[in-house]
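J.: Sequences listed follow chains A and B, in order.
Residues in the first sequence are numbered from 1422 upward in steps of one, following the working numbering.
Residues in the second sequence are numbered from 8 upward in steps of one, following the working numbering.
Calculated directly from the structure, the hints in this document are not laboratory data.
Check the hints yourself; a few may be wrong.
Claimed, not checked - Straight-line distance between alpha carbons at most 27 Å, and here's what the computed DSS-like set of lysine-lysine pairs gives:
1. B:K405 x A:K1472
2. A:K1472 x A:K1631
3. A:K1549 x B:K405
4. A:K1510 x B:K233
Bear in mind the structure is a predicted one, so any value in this text is a computation, not a measurement.
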Amino acid sequence: MPLEAFADSRALTLGVELELQIVNTHDYDLTHASHDLLRLVSRHKLPGEVKPEMTDSMIELSTGICGDYADALAQLGEIRDALVECAGKLNVGLSGGGTHPFQDWSQRRIYEAPRFHMLSELYGYLSKQFTIFGQHVHVGCPGPDAALVLLHGLSRFIPHFIALSASSPFVQGTDTGFHSARLNSVFAFPLSGRAPFSLTWDEFSRFFDKMTRTGVVESMKDFYWDIRPKPEFGTIEVRVLDTPLTIEKAAALAAYIQCVARWLSFEQPFRPAEDDYLVYTFNRFQACRFGFDGTFVDPQTGEHRTIGDDILQTLDAIEHHSIELGADEGCRQIRDDVKARGNDATWIRQTYADEHLLAEVVRQQCLRWSR
Amino acid sequence: MSGDPRADFFFLPAWPPTGNAVLWVSLTIVLAGLLGELAFRRFRLPRVVGYAAVGTIVSAFGLGIAGTRINPSLRLIVDLALALLLFEMGCRINLRWLRTNPWLLATSLIESALTFVLVLLTLSWLGVEWRLSLAAAAIAIATSPAVVMRVASEFNASGQVTERLILLTGLNTFYAVLASKIVFGWLHAEYSGSWTITLAHPLYLLAGSAIVAALLAFAVSQLARKLDLRNENSTLLLLGMILLALSVTKMANLSTLLVPLLAGLILRNSTERPWIWPRHFGTAGGVLVLMLFVITGSVWSVEAMAVGAMLGLALIVARGVAKLATTVALSGPSGISTRQGLALGVAMTPISGAALVMMADLQQLYPEFAAGLTGVMFSAIAVLELIGPIAVHLALRKARESNIP
């Protein structure tokens, strides 16, 4: 199958997808309820979509095309409210967070759909372990070449997105020491990591053709890259974020990505280069492991600073763009997080330290999500 | 030197050897355990079917309960095991759910009322004296909490059918206890002419059970504040507290069904914080549950069957129709598919544990009256003891909620 043509989209528009946990309200473990939720929510008219995910304990919501931060927040709020109402009817809880802190992956069940069963056949236990929850942000691009330039430009900021959204410190009942342990599960997939370095769509198409000829991939869906082009939408898709605990943070993260993208497109503060990727996995690891305190190595200068400091510097640089885009409220929240509050992983750890019971932590996560 | 040569070998046991209670209990546990594993591994059935089968076999040799009074030590085992399962069940029932989904409350009330009416009409129509029909109808409201909790946990079931099954079972057990006490009280008034008793008995039962339940719930919540209930030693303490509450319940002549159920309910609904402990309170609870199923499985005799089998079957059918019709009719508005409604109705088939206790209470209070009922009720209990767990298991599997395929 050849690569699809890159669709038209308005530059810098946004689309947000969130994968959510469905838990019972007894011991707050994951429960099988996605069929029931989908059936109930289909009676509502919503701005975006609600779709099944790999296992019966997950659900994915997505907004329609959003113009700005306020639009994204409003759409997310509307879908969230409908979902929370349906969940109440079923006595299940909905929660953000990149991992469920104590679920047993072997208890998960693959959702009844051919694609999910095919993936399960291919990846074996990895597919059940893939019961992890992420946020994806689509950014509209004026054309395919611009999309690839933006993709490689944004790669420098991947540690920011990871540290800001991280909400998966616990896996199978244990504190992993990571802020985002979710990304370690993604890394197990053979086609994960970074996209190959090509700045033109022609070059990228050649790479894609070579890959399909090997029989390893059939479509763009088979790539689990941190950022990947989405030709049918005319967007690039940032996929490294954990699902945050609130829709407010999800909207703020989308706004921050939008502002960085505008800054990169308009001011071109640097030209992406293959050598930028020399420090990519190091920076990425530091963000997953240490959050804002992780070390960030500047790919251009080789300078070392904390990821938090680099986010604050970036916020200064994009300030003017955030005002233009009406995203200043979202960026203010990002700044507050870096300066004082910490990310959602910090909140989860703190709550666990207070309550000593992971089920209670999940219950409070559900409360934060439904508010 | 005495005449009996064996007297010199005083250390040898008497001949023939005499068994004691421990021997019989341990033999039962071993046999039930083996049959349970056979049922599970060979036929993919719930283990409790194997346990109940042991009871059925025991009864076939004429050693069962068979309509006579339940032996106090057996009654104690039944009460203990049921208390554990009812307490566990109460802890899973979120009353706020009834507020966010009022159709569930409607399902519960209609399902119970319809069961009562249909069983009453069916038995009366078949010529059973109306007072006996009334008592049987009240008992028939209940679904067996023991079977439901046991099978759901054995197959690690989770999902809408499981959750609703637990909710509806908890509620209809509650209604059945109240209804049966009101009916018995009324019958008592018929006999004694005192109408104050009719109201006073259920009121005393409800208020008294609620007080003991609240005390138990408070004690457990205090304990949980200090200790981790997931720890085996704390679980043991919890078990002890439930036993203590049960003995108080018995001393005060309160309901051994209501106290643990209400205690769980109060505990669950007085705080949002989740309560977590091992299922059935670990191994000790597991042995009690096994014994419970053996005992309820032994509640039949050839004579009782001869008298009551047809009526028992009629009761089973009428009851099944009432429960199934309600859950299917209200599946849509309450937010599940018709298929799930069907599974839910089928899963509500079991009756044994709670019905046995209600019958035993009736026997204690009005032995002559109860005697007229044993044929019907014990036949129904005996049949559903074997079919009930299979129905629950089948329903949960069809609803894709059993985690063991």
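J.: Each of the hints needs a verdict: does it hold here or not?
T.: Here's how the hints hold up against the structure:
1. B:K405 x A:K1472: holds, 24 Å
2. A:K1472 x A:K1631: Violated: A:K1472 and A:K1631 sit about 32 Å apart, past 27 Å.
3. A:K1549 x B:K405: Distance of about 22 Å is within 27 Å: holds.
4. A:K1510 x B:K233: violated, 34 Å
Checked against the numbered hints listed earlier, the structure breaks hints 2 and 4; every other hint is satisfied.
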